[in-house]
Amino acid sequence: MTKLRQACTYTAGLLVHPDHDIAFLLSSSRREFLRSAAGLTLGSALLRSPLARAAKISTKKKVVVVTFGGGARDQETFAPEGEENIPGMMREMLPRASFFTQVVNRGILGHYVATASLATGVYETINNFAALPPANPTVFEYYRKDLKRPSSDAWVVAPSNGFNRIGESNHRSYGEGMGARVILPKYLLKAAMSGGGADYDHLLRDNYENPYYTPELGNREFELQQLEMILKLSADDFRSHAKTLSSPDELSLYIVRQLIRQVAPSFLWITMHDIDVAHAGAYSLYIEGIRRTDRLCAELWRVLETEPEYSGKTTLLVLPDFGRDADEDAGGNGFQHHRTGDAAARTTWLMVIGPDVREGVIYDRAVESTDLVPTLGAMLGFSASFAQGRPISELV
Amino acid sequence: MLPPELKSETFRAYSPEVRKLAVENIPAFRRLPLSFLPSLLRELIEYDYKFPAERVALRAELASLGSLSNGEVDEVFRGFSEIKLSPQLEGSDWVNSPAQFVEQLSAHLWTTHQLDAFRIAATKYGDHLSALVRPEPPPIPRLGISVIGQGVVSFDGSLFRKLRPHGTFFSRIKPENGLSLLLEAVAARAKSHPVPYGHWYIDGGEPASHDSTLTCISYSALEPTRTALLARIHSEIERPGMGPEGLRSIMAQLRPSDLGKQATVDEVLQRFQLKLLTEGSGTQIFSTTFAQWAAREALRRAQPLTLLVRFAPRQRQKAMNELLSANSNQPELDVMGSLIDAEMGAYYNWLDQQRLSGAEKSCFLVWFENHQSVLAIGPSIPRQTESGSEADLARLLEWLV
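Just so you know, the protein sequences line up as chains U and Y, in that order. For the first sequence, the working numbering gives the first residue as 1428, with consecutive numbering after it. For the second sequence, the working numbering gives the first residue as 221, with consecutive numbering after it.
Extracted from the complex, chain U is given alone in its bound form:
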């Protein structure tokens, strides 16, 4: 991110608006697009729903959170020219969702640390490229400790080795044994393929920001045990199925389906990562990543609607961890990175679907990434006592 020189001598004069104005413009255009394209209602025009307010916290309630590690910009998604890339979200999900047009991430714009911030409700400052636990309690720890849930009830499916510590913090009041169980599908695959001799290093690439570096993890036996004992998959079956899939995020969704059928956890957190191929600078691959992610989100929603354990009692929350640099910011290189810290890189959206959620409503007031955990706490009935954010009132 060494952008001082560009910011000083190259961006000069191009930044007409203060960033908060740009953030507002971003959310306004997103809102206007959604109102016209999807016929959604502006949330501020509605009274609070007595149904939503009266909804009781049920122990049968389930929550699934999907984050995109690798934000997608409005112009490639929720904008007239980007609509074609997200047919699943536009047609299947949005009409049934509450949509927040302005989710601001004021933290570090690296995918692991941003996901950790989403999961703790605190802007974490841990090393983005090291396999370290978050410093503050995670949402999984709050959930399990407060509600006395077993470890089998909270799961994370995450894209890369660096995420293996995302499930629980090293906070002294929580920490070891209180968090979520974490599955790294690519690592499972590596374990299953061990000795196979195939050239799949590229597939196992840990992240697109630093494509040459992969933190090493634990033992292969544990991964194979996860496959066989929990997901009820033999290494052979898993390997065979993996060969029919086109991307790591498809592999993640395959694992999620298995998890839903075999374990049916009440709290499931999935982080997708295909979009982040944008760091390689090939626009067509970035667009492919968006289209695939859109398809996978719609598929996941269909699974949640049809699986008996989930149907009618599951709330799905979808949000990118942050955005990407604007074309107009000379300090960046457009879609390729998220290094400038400008409004486009910091501002994204949140889509929520579920039985207690208003359908087809847009909210354009600003909320923060750190509001997610307190909101989940209010939905599920636990106290996120160390989180910095506040519950999103329209959802609780």
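Keep in mind the hints are simulated off the structure, nothing from the lab. We put the CB at the ideal spot given by N, CA and C, even for glycine. You may find that some hints are simply not true.
[Claimed, not checked] The calculated lysine-lysine pairs, modelled on DSS-like cross-linking and capped at a C-alpha distance of 25 Å, are:
(1) Y:Lys382 - Y:Lys581
(2) U:Lys1617 - Y:Lys538
(3) U:Lys1740 - U:Lys1572
(4) Y:Lys581 - Y:Lys411
(5) U:Lys1670 - Y:Lys538
(6) U:Lys1488 - U:Lys1740
[Said to hold, decoys possible] Computed Cβ-Cβ distance ranges for the label pairs, DEER-style:
(7) Y:Gly461 - U:Val1690: 32 to 42 Å
(8) Y:Ala472 - U:Pro1507: 38 to 48 Å
(9) Y:Gly461 - U:Ser1471: 52 to 62 Å
(10) U:Glu1648 - Y:Glu552: 33 to 43 Å
[Stated by the list, open to error] With the Cβ distance kept under 8 Å, some of the chain U side facing chain Y (calculated, not the full set):
(11) Ile1535
(12) Thr1552
(13) Ala1707
(14) Gly1708
(15) Ala1709
(16) Ser1711
(17) Leu1712
(18) Ile1714
(19) Asp1754
(20) Gly1761
(21) Gln1763
(22) Gly1768
(23) Phe1813
(24) Gln1815
Given the coordinates of chain U, work out where chain Y should sit on it, guided by the hints.
Here is chain Y on its own, set in the frame of chain U:
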């Protein structure tokens, strides 16, 4: 060390010309906050490898800093002065390793949530500098040319969607000898307005025959360097304790000789090419990324009068199932994906050109190679318009420039 402690001996490791410049400006440097000065030194220490336009801009900036009164320094740099630095940063060797300092400063700003404050300070300084140091207008209007879609037989979609609002779409341009005509026009500009590093030809593949007056770089010519760089990266990441930040620092310090390059008469260009590979993301793998990033950096740094960028097909990104099967190591090309990449790349080429002086008179042309589709932008060209006029590319350039 802090800036007020700077002395002439502090710069003894700098090259002679750079040391002279630094010593002349010590009084100005001493007044600057540490959150700012190393970024200036990072540019200065590379002075010997800067393009002429960069040297002019840097000297003008130094002169501007020297002319400020103490009160003006306080005002212009207040935002930087309010940035809180760590003792580690203050104690680092920022004079001799300013690039490493800036890297560490970047991480510090993110983790201490001071990035936004820094951004505001940088923007304020940039505005101040722009007001004081007006860049010279170019001697002739700049001309940017992007050639996209090499190898694509047909394309049914709509091209140039982002650029159309700014110019005219020509649907019946004769494609015959198109690349030759464009290169001849670029060479003619180079001959009529000979400026060092003023006229560039960047090719994402094998360069076509071109006039020697052009500054030319190509993806294919850099293949040995790319291969050596990737080998170096792989050997570095095998070392115990190596992480992404360490790797990045090592890459930033690489010199051409580290990758087996012999010294050439044009060390400025050689260093520029190396930086495209060591500082660019994806430039080592995808030719479309290389072409776009090379154009961006050439525009930002050399500020050319003429720039022709020809995108070539990049290697295809293999899907997961193909990687698992590992049937073939032979890279295949993705011509259609490369067209989409290049279309966006052309848009970025235009945006980057418009950031330079004389933007109101600049001209830009993007051609779908070996096809009839061209989009032209310039002060004499109507916006958001379509034209069925028949012409060859040489004629179209006459209309444009």
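Consistency of the hints with the structure:
1. Y:Lys382 - Y:Lys581: holds (20 Å)
2. U:Lys1617 - Y:Lys538: holds (18 Å)
3. U:Lys1740 - U:Lys1572: Holds: U:Lys1740 and U:Lys1572 sit about 22 Å apart, inside 25 Å.
4. Y:Lys581 - Y:Lys411: holds (21 Å)
5. U:Lys1670 - Y:Lys538: Status holds; Cα separation ~12 Å.
6. U:Lys1488 - U:Lys1740: OK: U:Lys1488 and U:Lys1740 at ~5 Å, within 25 Å.
7. Y:Gly461 - U:Val1690: 32 to 42 Å: Holds, at about 38 Å.
8. Y:Ala472 - U:Pro1507: 38 to 48 Å: Roughly 41 Å apart at Cβ, these two residues keep to the hinted range, so it holds.
9. Y:Gly461 - U:Ser1471: 52 to 62 Å: Check passed, 53 Å falls within 52 to 62 Å.
10. U:Glu1648 - Y:Glu552: 33 to 43 Å: Taking Cβ atoms as reference, U:Glu1648 and Y:Glu552 lie about 37 Å apart, which means the hint holds.
11. Ile1535: holds (4 Å)
12. Thr1552: Interface hint status for U:Thr1552: holds (4 Å vs cutoff 8 Å).
13. Ala1707: The hint holds - U:Ala1707 has a Cβ within 8 Å of chain Y, the shortest such distance being about 4 Å.
14. Gly1708: With a minimum Cβ separation of about 3 Å from chain Y (threshold 8 Å), the hint on U:Gly1708 holds.
15. Ala1709: Hint on U:Ala1709: holds, closest Cβ of chain Y at ~5 Å, below 8 Å.
16. Ser1711: Holds, about 4 Å.
17. Leu1712: holds (6 Å)
18. Ile1714: U:Ile1714 check passes; min Cβ-Cβ to chain Y is 7 Å, inside 8 Å.
19. Asp1754: holds (6 Å)
20. Gly1761: OK, holds: U:Gly1761 within 8 Å of chain Y, min 6 Å.
21. Gln1763: holds (7 Å)
22. Gly1768: Hint on U:Gly1768: holds, closest Cβ of chain Y at ~5 Å, below 8 Å.
23. Phe1813: At about 17 Å, which exceeds the 8 Å cut-off, the nearest Cβ of chain Y leaves the hint on U:Phe1813 violated.
24. Gln1815: violated (12 Å)
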